[in-house]
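Q: Listed below, chain by chain, are the residues.
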Amino acid sequence: MSGQKDESMKLEMWNLAVDLFPICRSLTGPGVRETLAILSRHLPELRLHEVSSGTKAFDWVVPKEWRINSAYILDSNGKKIIDFDKNNLHVVGYSEPVSEWLSLEDLQDHLYSIPEQPDAIPYVTSYYKARWGFCLSHNLRQSLKEGKYFVHIDSSLSEGSLTYGEIFIPGSTEEEIFFSTYICHPSMANNEISGPVVLTNLLKWISSRETNRYSYRAVFIPETIGSLVYISRKLEHLRSTMIAGFNITCVGDSRNYSFLPSRNGNTLSDKALLHTISFTAPSFKKYTWRDRGSDERQYCAPGIDLPVATFSRSKFGEYPEYHTSLDNLDLITPEALQESYLLLQRTIEAIEDNYTPLVTVLGEPQLGKRGLYPDLSIKGSWDSTQLMMDIISYCDGNLDLLTIANLLEVPIWKVAPIIRKLREHGLINLL
Amino acid sequence: MSGQKDESMKLEMWNLAVDLFPICRSLTGPGVRETLAILSRHLPELRLHEVSSGTKAFDWVVPKEWRINSAYILDSNGKKIIDFDKNNLHVVGYSEPVSEWLSLEDLQDHLYSIPEQPDAIPYVTSYYKARWGFCLSHNLRQSLKEGKYFVHIDSSLSEGSLTYGEIFIPGSTEEEIFFSTYICHPSMANNEISGPVVLTNLLKWISSRETNRYSYRAVFIPETIGSLVYISRKLEHLRSTMIAGFNITCVGDSRNYSFLPSRNGNTLSDKALLHTISFTAPSFKKYTWRDRGSDERQYCAPGIDLPVATFSRSKFGEYPEYHTSLDNLDLITPEALQESYLLLQRTIEAIEDNYTPLVTVLGEPQLGKRGLYPDLSIKGSWDSTQLMMDIISYCDGNLDLLTIANLLEVPIWKVAPIIRKLREHGLINLL
Amino acid sequence: MSGQKDESMKLEMWNLAVDLFPICRSLTGPGVRETLAILSRHLPELRLHEVSSGTKAFDWVVPKEWRINSAYILDSNGKKIIDFDKNNLHVVGYSEPVSEWLSLEDLQDHLYSIPEQPDAIPYVTSYYKARWGFCLSHNLRQSLKEGKYFVHIDSSLSEGSLTYGEIFIPGSTEEEIFFSTYICHPSMANNEISGPVVLTNLLKWISSRETNRYSYRAVFIPETIGSLVYISRKLEHLRSTMIAGFNITCVGDSRNYSFLPSRNGNTLSDKALLHTISFTAPSFKKYTWRDRGSDERQYCAPGIDLPVATFSRSKFGEYPEYHTSLDNLDLITPEALQESYLLLQRTIEAIEDNYTPLVTVLGEPQLGKRGLYPDLSIKGSWDSTQLMMDIISYCDGNLDLLTIANLLEVPIWKVAPIIRKLREHGLINLL
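Protein chains in written order, with our numbering: chain A, 15 to 445; chain B, 15 to 445; chain C, 15 to 445.
Isolated chain A (complex conformation) (with noise of 0.2 Å):
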């Protein structure tokens, strides 16, 4: 990839998160279709989809639609000491509206902040039990006096719906690729938008490619309700097509690379993401699914079983920043995010590469006498070809090019072309 389209892939994809930021996101309502709305723009194949409030979706039901136009508390002078304005994590998710004088000590029962992070706003939801509540740094919070304070919400729930975006790019073959995102938290950096903005990039990406083996299928969805309804709408369809799926959140911040496997453990996208994440950041951190907790949880479910793994630089719930307002834009890069967009990209070239190839001849072929091979014999020059030797020795039909990767401890995309100058000598077919 040149430099120059190197430098505007970055930049493109950093002025998306820098417009997804600062709208405030719910389960449900208008921060969801502006968001949808600007992906739009860059996917001009994305469909949207409502769904409504009450629907049954396995053992949830499609809650009602949360509006908020504003909220504050104003001290007894009249001071707006919070304001949903500034920072739209002040507000506890799907709070009902209130608008009342209440003392310190009533109004503390309503408040939220974290201790041990006296600096950062939290971020706290309550969907499914009707609630208000703000949310606010530690410090602020200790310099209150004591004394009546008016706090408003102007919010509503009321019956709408639920909105999700999804995108299909056919392929060669029915046989699905899936990828899911979230996009239901307010402004928050790594743990939201760095998926949806990675995501859509990718998505111009392989609708761009020539031709594609597989077809490719992708949700920009609320977490967890987004995804059950998705897959209650889906699943007959998702597990009949659906050959890898992956699962993309907080690949925005530099400091690590992660894997989370699906349920099952040994699925096509788990041994490909796998393989792309060794040999690209061989210091990644694996987890197990016992680690889980995002829409995997779903897709992976007892009964459902997609073949489903998360991609992730710090994983959700295990970087300081989680669920804060200190994870903003200071915590992601336009570096990290083009590296998680390289490597996604790879795992596709991965699969759409991954063929069983079978060598044509019996007993090694004459390298030799195609140029492919030394004409002198002398100690080391064996060494040369010997990746090209190693690969042919393994293509008996029965291997794929992950596993005659792995066994070979190199990454495939340094098999691959071989693979493909063999089939130039005609020395390999693919099976």
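Note that these hints are calculated values from the structure, not bench results.
You may find that some hints are simply not true.
Any copy, or any two copies together, can satisfy a pair, since identical chains are not distinguished.
[Stated by the list, open to error] BS3-like mimics (lysine-lysine), calculated; alpha carbons at most 27 Å apart, straight line:
no.	residue 1	residue 2
1	Lys-300	Lys-393
2	Lys-393	Lys-435
3	Lys-100	Lys-383
4	Lys-93	Lys-300
Following the hints, complete the assembly by docking chains B and C onto the known chain A.
A: Using the frame of chain A, we list chains B and C on its own:
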């Protein structure tokens, strides 16, 4: 378990140990019958079986019945220097009668001691070759002076029978859990009476349970020939009903926990016992089939292949007091007997609870509406129900509870109550 | 084996090595035939085969036959500075004839030396591209002065044939154990003549055995093209009869033992050879398929897949003298040749003994009544028959002797005699 019940159980087991210790047991004869008579007082359902001398059991034959009334050695002054009445280990098991004067030199051929443990009287038997002999401490042996000695053993070997006890406790199914312990050693504590004492208490508890999913069968038998006789009489029944079996031996000292697998190594007995020992005493000693030495040798022999694992504290052959007079009531403790009992209780409960659970809804159940999940979502709120969510995520109808507990690295006794709670909420079916 | 026989065998192998070393072998030509003629004197049953130049063998073609009479370089004073008669490594294998004066500069294009091993003459070949060249020590090369040099190679490349030797020793069954070694390198010791010397001695021993359970087949062939030719002629036969095969190369130095698995890695050859090496030389070097480099490359190629593992001492490519004039008679020793022979002998015996035993009684047999177990039971008496009891406990009709020996962590040559003793007592049947 209340502290009081705790104490009374400990006392009861200890009293039984004290009652059984002095009896001179052997493969056959009155000592075995006296032992079984005492056990019958605790286990009224215990059935006694007599098997005549000369009866074939596979490659073996039930030996003659041995009885001994008295035995001693007098020195030339007529002083009793060794007296069977003081310690029944003094006489080689199955000694022929003898009554004669010998020189010290001739006597030496009939004396057994352990130079490395000069205070210990060894335990020696000669079941299948006629001889007589005395066992004594090496210190005493060293002190013997030249001169004449009078040896006297008033014993008999005659047609009689081998005696064993068997108990059956019917459960809801015909599938059986089996226990075996032996009653053929004279006054030794860890390597003899600890097994019958703990098993007796365990069977009382099994009988007292309101319902048992499985039926239970236990035998108190002479080692080797007893188990061979028993298996030869019941092999078809044991094969068709036994789902798990345990050999219980050396369960009275407090130094260690030991696991010795069945020959197969992967039976339900192995899985359950390994699980309960691992979580009860992580520093336990894990032996292999090659370290066997008790009746598992017969239960797991080729062609018999019953699923029998062995539970011990300090295993036979592995502690210095083994098969000597030092293996006495000072070596075992009421606490250790109770711990062994509790571990076997846990093992039984593990098997009784070892259903294969299946979650009844697709996708994660909404625990919140059932009061099983916090209604407020804030950093860390996941932790409180992590274990429940983890368990549900494995209830796919393929994994039994022991497997799930092992995957989660928690003891089954923390998993089973959660499964019960989820069943109450209709979220789990048991297969 | 008596010490005298021992010494005479060592001497015989050494003498054969000394006879074979000076011959100028190549892929084809009189050197190969001279070598086979000498081997035929030791193995009268050896059949020689000639395969014409131009014959196809899978992806390869038998090359022209190379003959060389003399070769040298004269300096401007007419002094012979390099002479093929002094060391046949001096000429690049398959060199075209040449006879002309050159400047030093032009000569350099035809010289081969190793700067890192300035005393060594490298071994270089150019089988499939026409060229000529001389190999010399880097020290000599450095000392060459500007000026004219006369190069002379009196060689010919003409239609002829490739020669190999094959021997078959029939056994009780048609199942075959196969050996392969190569005879195509000029004067090198470890990486050439050690293989034919050890294999010749091994075949003499196999022929001398009273009965062989298996049939034996061995080939002495030029590497690569020779094995390809051989396989292409016999593939169906080899596939249907070969139960184990061994490639024997570099078995003459005393530094190490090496195991290189078949591509499959789990064949009987792998199992048996790994077993005998492990117990003979626990510090042996275990290579992987990726470290291959000899004829196992052909025997195990995809679609051929014969069960051929490779045995070496210091493996080709892994010792500094490899493919240079330093790999000479100083590098190998009579003792190392003999050790290699004995290890292969043990490997054959292991396969011949590798029955699947089944104990004939249920439960442990009563060894005591057969004099196989102490009649007195005292602490430690179990130890003396532990191994016999352990073996019996695994004779369940499912495990072959190599598996049992591996489970017990003892060499099969300690297990097999016990199995024989148990068979004499009617306690074991062999499946």
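Q: All hints, please: hold or fail.
A: Here is what the structure says about each hint:
no.: 1; hint: Lys-300 x Lys-393; in the structure: between (41 Å within a copy, 22 Å between copies)
no.: 2; hint: Lys-393 x Lys-435; in the structure: within (25 Å within a copy, 52 Å between copies)
no.: 3; hint: Lys-100 x Lys-383; in the structure: neither (72 Å within a copy, 33 Å between copies)
no.: 4; hint: Lys-93 x Lys-300; in the structure: neither (49 Å within a copy, 70 Å between copies)
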